[in-house]
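K.L.:
These protein sequence lines are chains Y and U, in that order.
When we follow the working numbering, the leftmost residue of the first sequence carries the number 1, and every step to the right adds one.
When we follow the working numbering, the leftmost residue of the second sequence carries the number 1, and every step to the right adds one.
Keep in mind that a hint or two might mislead.
[Said to hold, decoys possible] Below, a sample of chain U positions facing chain Y; criterion: calculated Cβ distance under 7 Å: (1) G43; (2) F89; (3) G99; (4) F102; (5) G103.
[Stated by the list, open to error] Straight line, CA to CA, 27 Å or less: simulated DSSO-like cross-link-like pairs of lysine-lysine: (6) K56(U) with K96(Y); (7) K15(Y) with K78(Y); (8) K15(Y) with K62(Y); (9) K104(U) with K11(Y); (10) K44(Y) with K56(U); (11) K96(Y) with K60(U).
[Unchecked claim] Derived coverage of chain Y by chain U (criterion: at least 3 residues anywhere in the stretch with Cβ under 8 Å from a Cβ of chain U; other residues may be distant): (12) 43–54; (13) 105–111.
By construction, these hints were calculated from the structure, which means they are not laboratory data.
The C-beta atom is built at its ideal place from N, Cα and C for all residues, glycine as well.
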Amino acid sequence: EAGVAQSPRYKIIEKRQSVAFWCNPISGHATLYWYQQILGQGPKLLIQFQNNGVVDDSQLPKDRFSAERLKGVDSTLKIQPAKLEDSAVYLCACDKGSYNEQFFGPGTRLTVL
Amino acid sequence: GDSVTQMEGPVTLSEEAFLTINCTYTATGYPSLFWYVQYPGEGLQLLLKATKADDKGSNKGFEATYRKETTSFHLEKGSVQVSDSAVYFCALSERGADGLTFGKGTHLIIQP
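Turn these sequences into a full structure, and let the hints steer you where they fit.
P.N.:
Okay, here's the thing in structure tokens:
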């Protein structure tokens, strides 16, 4: 079974620029999550999708972050404009439903200069 | 809101030593509890889980027991190996179908 795919793996941008991350979850996994992991901290949930609907985006900074999940499969996370404090690893995860294991992708490491 | 507190690292042990990594949580309901592990150069992966009080999760020689009375989920292993060197994260999910709330992680270093 293929794992969670993310791209790009690394991205360096200057503050106030825009950036987008892409995630392709495991086939058949209806729930998709985006997490932000700042260096030295645990991952923090940004947004949760069930199929292509948003379940929880309470911790998403909506003034600059947006996310969508097209046709309940792939997802993109966008930051516009980026700030220095957005430097982090952005993790995509998925699962089949309640109480099931979440599978994580390798992450995208973002550096904002 | 929900939170997870785990012991600060790095934790350095010799091979075959006994391991305990402490984890306590704060939650409004009855969460499911997890330990995730991140080996060098790899992504996060589930190590073990427990979904109700007094449940014991176990995997690869690691164990953790869901203690509702002390709101704890400490990770233990009787004899660690160099290959156990990794970062360990304690996490909870309020309803099992929600996103995870993670602790800060504990970096474990096992010396031969």
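K.L.:
Determine which of the earlier numbered hints do not hold for this structure and return their numbers in increasing order.
P.N.:
none
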